[in-house]
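Asks: Quick one: dock chain against chain with the hints and give me the complex.
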Amino acid sequence: METANQLNMQTPSVQPVRRTGPRWFLPQLFKKRSAQIGGSVVVLLLFFALFASYVIPYDPFDVQTEIRLTPPNLEHPFGTDELGRDLLSRILYGTRYTVMIGLIVTGIGCGGGFLIGLTAAYWGHWVDMLAMRLIDIMLSFPYILLSLAIVAILGPSLVNAMVAAGIASIPGYARLIRGFVLSAKEEEYVLAARAIGSNDSRIMFRTILPNIMSPMVIFITYRLPLSVLTAAALSFLGLGTQPPLPEWGAMMVNSRTFIGSAPWVVTAPGLAIFVVILGMNLFGNALRDTLDPYQRDR
Amino acid sequence: MTAYIIRRIAFLIPVCLGILCVTFLLQAFIPADAVSMMYQGQATRQQAEEAMRIMREKYGLDKPWYIRFFYYAGNVLRGDLGISIRTRRPVWEELKDRYVNTMILTGASLVIAVIVGIGSGIVSAYFRDTILDFLGQAVGLFGISMPAFFFGVLLIMIFAVRLRWVPVLGKGDWKHLILPALNLGLIESAGLSRITRSTMLDVLNMDYIRTARAKGLSEPLVVLRHALKNVLLPVVTIIGLQIGGLLGGAFIIEVIFGWHGVGELAVRAISWRDFTITQAIILISAGTYVLVNLVVDITYVFLDPRIKYS
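Each protein sequence line maps, in turn, to chains V and A. Residue numbers for the first sequence follow this note's numbering, so the first one is 1 and each next one is one higher. Residue numbers for the second sequence follow this note's numbering, so the first one is 1 and each next one is one higher.
One chain only, chain A, in its complex shape (with noise of 0.2 Å):
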C-alpha cells in the first residue's frame, strides 16, 4: 500500500514539471514582456526604464529562456506568483481569497452533485425499465444537453428575480452559495448518474448479489451494502475527473453569479491582458486537479482491497 502511494507521488513529479512548463511555455508567445506592459506609459521614460530593469532582473527576464524557467520554476516554489500587470500587487494577494471562494464553490457543488448523481442512478438502475428509471435518464440526458450558462441564467430567472428566495449576484453568506452551487452540482451529477446507472446494473446481475439475496438479507441492505461499495470503485475515478469539469464550470458559473472566485478574475484578467495573472491562475488550477486526482487515486486503497494487498 505505502509502495503504490509512493509511485503514485512520484508520478506527480514529471506532471507538476509538465505544467509548470506550459504555464512558462505562456510567457513566450506574449506579445511583450509582463514588465514592459506594466509600465507601458507611465511615470517618466527613465524612472519607468528603471523600475522595468529592477523588475527584470528580479524575476529574471533579462536572462535566456532556459535561466528564465529556473527563476520562475524557483519563484513558483517559494510561492511568488509575480506582480499584476494591472494592480501591481503581488498576484498571490489578488488570489488568495477567491481561491478559496473557489474552492467553497466547487466542493458545494461536488457534494450537490454526488449525492444526486449516485442517488439517481442507484434509483435508476434498481427500478431499471420502470417510469422512474425512465425520468431519471431523461432528466440525466437534459442535464448532459444543458449548458451550464443557460441553467444559471433559469435559476437566477426564476429563484432570484420572480420568487425572490435568493439574492440575485455576489459573493456574501450562504445565501448566495445556493443558486451556483445547485447550477454547478445539477449539471456535473448528470454524467455521474448516467456511469452509476450503468455500473449498478452490471453489479446487481453478479453471483454476490444473488447470494446475499439468497441469505434472506433485505433489499436496502443488498443495494447499500453489497452493490453500493462495488459500484464505487468506477463512480469515484469518474468523480475524480470531473473535478476538472466543476474547476473549468466554476470559471463560467462565477461569471453569471458574479462569484468572486479564481474563474471570474481569469476571464477579466483575459479581457485585461493580465498576462500574470491568467498565468498564475492556470498553474494554481491544473495543480489543484492533479492533487485531487492523487487523493482520488490514494482512497482506491481503501475503497479496492486488491490494490491494498498487492
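Next up, chain V with everything else stripped away, as it sits in the complex (with noise of 0.2 Å):
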C-alpha cells in the first residue's frame, strides 16, 4: 500500500518526453548546422523572389553593348552578359522564375499524385488496379524524358516546361501517397471516424490526409531540388523559359559560347542554381532527421 502511494506520489514528477508539435520540432530542426545553412539559403530565396525589383542594383533587361561581357569588377560584382546586362541583377531578379518552378511543379506533381493515390487506395478494386497500372507505365519512361515527350506535345515555354516536368513527377508522388493512404486506413482513427458517420471526402480530406502530411513533406522536399533541376534543364535544353526572361537555366544557355573568352557569364548562374539546390537538399536533409522517427532515433 504504501508502495502504491508512493508511485502515486512520484507519478505527477515521471513527465513523459514530448516529441512532437512545432514548439519541440522548430528548435530540433534549427538546432542542427544543416538546417540554419539551407534554411538561410531558402529564405534569401524568398526574399529575392519576392522583393528583387527593389534590391537589384541595375534593371535585369537593359542592354547596354559597350560594357558588353565586363569580367566582374566593384560596379558589376558578377561582371555583364554577351548583351551588357548586369549579372547579379539578372540572377537576383531570376529567383522568382525558380521559387515559381518549384510551387508549380511540385503543385501540379504533389495535387496529381494525391487524387490518384488517395482515390486509388480508398477505393481499392478495380480503381486501383486501374491507377497502379497506368502509373506503372508512366515510371517506365525516365523522369527527364517523359517531360521531353510532353513539351514535344505542348511545344517549347516556361510554362509547358512546368506544366512537363509536374505531370512527369505525379507517377512518384501517386504510388507514394497510395502506400500511406493504405496503410493509414486501416487504423482505428479511421475507423473511429466511420463510426461517428463520417462521409468519404471527410475521411480522406479531413482524417487520413493530416495523418500522412509528416511522410509527404519529407517526400516532397526530396522532389523539390529535383522538379527546379529538371526545369533549369529543359530551358537549358532550349524547350524551357525562352529569353530575354532571365531564368538561370535558359541564361547558361545563351551564354555557352562565351565559355573560353567570358567564363563568368556561364558560371553566375550555374553557380546560382548550385547554391539554390545545395540550399534545399541541406534543408531538406535536416528536416528528414528531425521528422523521420527511424532517422531520429539512429
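Careful: at least some of the hints might be erroneous.
[What the hints assert, rightly or not] Selected chain V positions facing chain A (Cβ under 8 Å, derived; list incomplete):
#1 G39
#2 V42
#3 V43
#4 L45
#5 I137
#6 Y143
#7 L148
#8 A149
#9 F236
#10 G238
#11 R256
#12 G260
#13 G270
#14 F274
#15 I277
[Claimed, not checked] Calculated cross-link-like contacts (lysine to any residue; reagent style SDA-like; alpha-carbon spacing at most 25 Å):
#16 A/K63 with A/R86
#17 A/K63 with V/I153
#18 V/K32 with A/S145
#19 A/K175 with V/I259
#20 A/K63 with A/R88
#21 A/K171 with V/P263
#22 A/K63 with A/R53
#23 V/K185 with V/F219
#24 V/K185 with V/P210
#25 V/K32 with A/D202
#26 A/K171 with V/K32
#27 A/K96 with A/I115
#28 V/K32 with A/I144
#29 V/K32 with A/I195
#30 A/K96 with A/G172
#31 V/K32 with A/F142
#32 V/K32 with A/L201
#33 A/K175 with A/V161
#34 A/K96 with A/V161
Simulated from the structure, these hints should not be mistaken for lab results. We put the beta carbon where it would ideally sit given N, CA and C, even for glycine.
Replies: As C-alpha cells, this is what we get:
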C-alpha cells in the first residue's frame, strides 16, 4: 500500500518527453547546422523572389552593348553578359522563376499524385488496379524523358516546361501516397471516424490527409530540388524558358558560346542553381532527420 | 528460378503495350498528322496530295484510331518506326548509329558511377564519422545538388579549354568520351554512394559480420566477401533505377558535349517539330529502360539465393 502511495506521489514528477508539435520540432530542426545553412539559402531565395525588384542595382533587361562581357568588378560584382546586362541583377531577378517553378511543378505533381494515390488506395479494387497500371506505365519512362515527351506535345515555353515536369512527377507522388493511405486507412482512427458517421470525403481529407502529411513533407523536400533541376535542364536545352527572361537555366544556354572568353557569364547562373539546390537539399536532409523517427533515433 | 524469370518476362507484355499506347497517343496530340507536315509547301498541290495519300495508306493514317494503333504496333514490331518529317529518311536509319553512341556513353557512365559510387559508399561506411566519411558525404551532397549541365560546362572549361587535355566537343575517338562519361557517371555516383553507405552501415552491424570477425578473418575479407555481397542486392536495385537517370541524363550531356546520340537528336527533333523522330526516340529509350530493368531483376536470382530456391 505504501509502495502504491509512493508510486502515486511520484507519478506527476515523471513527465513523458514530448517529441511532437512545433514547440519541440522547430528548436530540434534549427539545432542542426545543415538546417541553419539550408534554411538561410531558402529564406534568401524567397526574399529575393518577392523583393528583387526593389533591391537589384540595375534593370535586368537593360541592354548596354558598350559594356558587354565586362569581367566581375566593383560596379558589376558578377560581370555583365553578352548584351551588357548586369549579371547580379539578372540572377537576383531570376529567383522568382526558380520559386515559381518549384511551387508549380511540386503543386502539379503533388496535387495530381495525391488525387490518384488517395482515390486508388481508398476505393481499392478495379480503381486501384487501373490507376496503378497507369502509374507503372508512366514510371517506365525516365523522368526527364517523360518531361521531354510532354514538352514535345505542348511546345517549348516556361509554362509548358513546368507543366511537363509537374505531370512527369505525378507517378512518383501517386505511388507513395497510395502506400501511405493504404496503411493509414487500416488505423483505428479511420474506423472511429466511420463509426461517428463521417462520409468518404471527410474521412479522406479531414482524417487521413493530416495523418500522412509528415511523410509527404519528407518526400516533397526530396523531390523539390529535382523538380527545379529538371525545369532548369529543360530551359538549358532550349525547351523551357525563352530569352530574354533571366531564368538561370536559360541564361546558361544563351551564354555557352562564351565559355572560353568570358566564363563568368556561364558560371554565375550555374553557381546560383547549385547553391539553391544545395540549400534545399541541406534543409531537406535536416527536415527528414527531424521528422523521420527512424532517422531521429539512429 | 525459371518460373521467376518467366513471370518477370510475362510482366513485360502489359508494360510494353502501355509504352506503345503512350507513344501512339503522342500522335493524337500533334496538331496535324505527320504526313501533311512532311509535304507542307512542297511540290505541286496534286503531287503532294498523291504522295500524302500513299503515305497515309502505308501508315494507316486514313483509318480510325483503333485500327491505326494496330498499324502502328505492327510497324514497330517489324522495326519500321516511320519516316522522318524533316529528312524523309526512315527513322531507324537516322537513329541506329546514334543509339549505339548513346549506349556507349550510358555504359561508360554506368561503369564510372558504379566504381565511384560503391567504392566511396563502402569507404564512408567503414570509416564512419571520420574525415573520410565526412568528405565522402560532402562530395555526395555536392553531387546530388550539382546540375549535370553546369558540371559539364565546368569540365569543358577546365579540361578542354584551359588545360587542353581532351577535345571540347564532338564524337570521334575514345578521348571524346572521357568528359561526357565522367560528367554523367560522377553525377549519378552521388546517389549510389549514399545508398551504399547506409546499406553498408546496416550490414556492418549484423551478427554474421561479428561472427566473421570472431573467426579471425582479415578486415578486407570481412568487408569484401561477407559485407559487400549483402550490400549488393539493394544497390543493384538502385543501379537499375539509375539507368533511367543515366538515359535521361545522357539527353542533356549529349547536347553539352555535341555527342551524336539519340538525346541530342531528340532535342533537335522537338525544336524541328519532327514528331516521328521524337516518338521513336521516346519509344526506344523507354523500351531500353524496361529491358535493362528486366536484366537487373534477373541478376537478383544470382545475387539472392532466396529467390533461386523459392
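Asks: Each hint needs a verdict: does it hold in this structure or not?
Replies: Status of the hints after comparison with the structure:
1. With a least beta-carbon distance of about 15 Å to chain A, the hint placing V/G39 at the interface is violated under the 8 Å criterion.
2. The beta carbon of V/V42 comes no nearer than 13 Å to any beta carbon in chain A, farther than 8 Å, and the hint placing it at the interface is violated.
3. Hint status for V/V43 relative to chain A: violated, with the closest Cβ pair at about 18 Å, above 8 Å.
4. For V/L45, the shortest C-beta to C-beta distance to chain A is roughly 14 Å, which exceeds 8 Å, and the interface hint is violated.
5. At a threshold of 8 Å, the smallest CB-CB gap from V/I137 to chain A is about 3 Å, leaving the interface hint in force.
6. For the restraint placing V/Y143 at the interface with chain A, the shortest Cβ-Cβ distance is roughly 6 Å, inside the 8 Å limit, so the hint holds.
7. The criterion of a C-beta within 8 Å of any C-beta in chain A is met by V/L148, whose closest approach is roughly 6 Å, and the hint holds.
8. Hint status for V/A149 relative to chain A: holds, with the closest Cβ pair at about 5 Å, below 8 Å.
9. Interface restraint check for V/F236: the shortest CB-CB distance to chain A comes to about 5 Å, inside 8 Å, so the restraint holds.
10. Below 8 Å, beta-carbon pairs count as interface contacts, and V/G238 has one with chain A at about 7 Å; its hint therefore holds.
11. Below 8 Å, beta-carbon pairs count as interface contacts, and V/R256 has one with chain A at about 7 Å; its hint therefore holds.
12. Checking V/G260 against chain A: minimum C-beta separation of about 5 Å stays under 8 Å; hint holds.
13. Interface hint at V/G270: satisfied, since its Cβ lies 3 Å from the closest Cβ of chain A, which is below the 8 Å cut-off.
14. Contact between V/F274 and chain A, as hinted, is supported at the beta carbon level, the nearest pair being about 6 Å apart and thus within 8 Å.
15. With 8 Å as the threshold, the beta carbon of V/I277 comes within range of chain A, its nearest partner Cβ sitting at about 4 Å, so the hint holds.
16. With a C-alpha separation of about 24 Å, the suggested pairing of A/K63 with A/R86 holds against the 25 Å cut-off.
17. Distance hint between A/K63 and V/I153 is fulfilled; the C-alpha atoms sit about 22 Å from each other, no more than 25 Å.
18. Of the supplied pair hints, the one linking V/K32 and A/S145 holds, its CA atoms being roughly 19 Å apart against a limit of 25 Å.
19. For the hint pairing A/K175 with V/I259, the CA-to-CA distance comes to about 20 Å; that is within 25 Å, so the pair holds.
20. With a C-alpha separation of about 22 Å, the suggested pair A/K63 and A/R88 falls inside the 25 Å cut-off, and the hint holds.
21. Taken as a hint, the A/K171 and V/P263 pair is honoured in the structure, with Cα atoms around 24 Å apart against an allowance of 25 Å.
22. The hinted pair formed by A/K63 and A/R53 meets the criterion: a straight-line CA distance of about 12 Å does not exceed 25 Å.
23. The suggested pairing of V/K185 with V/F219 holds, with an alpha-carbon distance near 20 Å, which does not exceed 25 Å.
24. Between V/K185 and V/P210 the alpha-carbon distance is near 12 Å, which keeps this suggested pair within the 25 Å criterion.
25. Restraint check: the Cα-Cα separation between V/K32 and A/D202 comes to about 24 Å, which is no more than 25 Å; the hinted pair holds.
26. At most 25 Å may separate the alpha-carbon atoms for a hinted pair to count; A/K171 and V/K32 exceed this at roughly 47 Å.
27. Of the supplied pair hints, the one linking A/K96 and A/I115 is violated, its CA atoms being roughly 29 Å apart against a limit of 25 Å.
28. Distance hint between V/K32 and A/I144 is fulfilled; the C-alpha atoms sit about 20 Å from each other, no more than 25 Å.
29. Taken as a hint, the V/K32 and A/I195 pair is honoured in the structure, with Cα atoms around 22 Å apart against an allowance of 25 Å.
30. About 17 Å separates the Cα atoms of A/K96 and A/G172, which keeps this hinted pair within 25 Å; it holds.
31. Between V/K32 and A/F142, the direct Cα distance comes to roughly 18 Å. Compliance with the 25 Å bound is thereby established for this hinted pair.
32. Straight-line distance between C-alpha atoms of V/K32 and A/L201 comes to about 22 Å, which keeps the hinted pair within the 25 Å bound.
33. Between A/K175 and A/V161 the alpha-carbon distance is near 14 Å, which keeps this suggested pair within the 25 Å criterion.
34. Taken as a hint, the A/K96 and A/V161 pair is broken in the structure, with Cα atoms around 31 Å apart against an allowance of 25 Å.
Of the hints listed earlier, those the structure fails to meet are numbers 1, 2, 3, 4, 26, 27, 34, in rising order.
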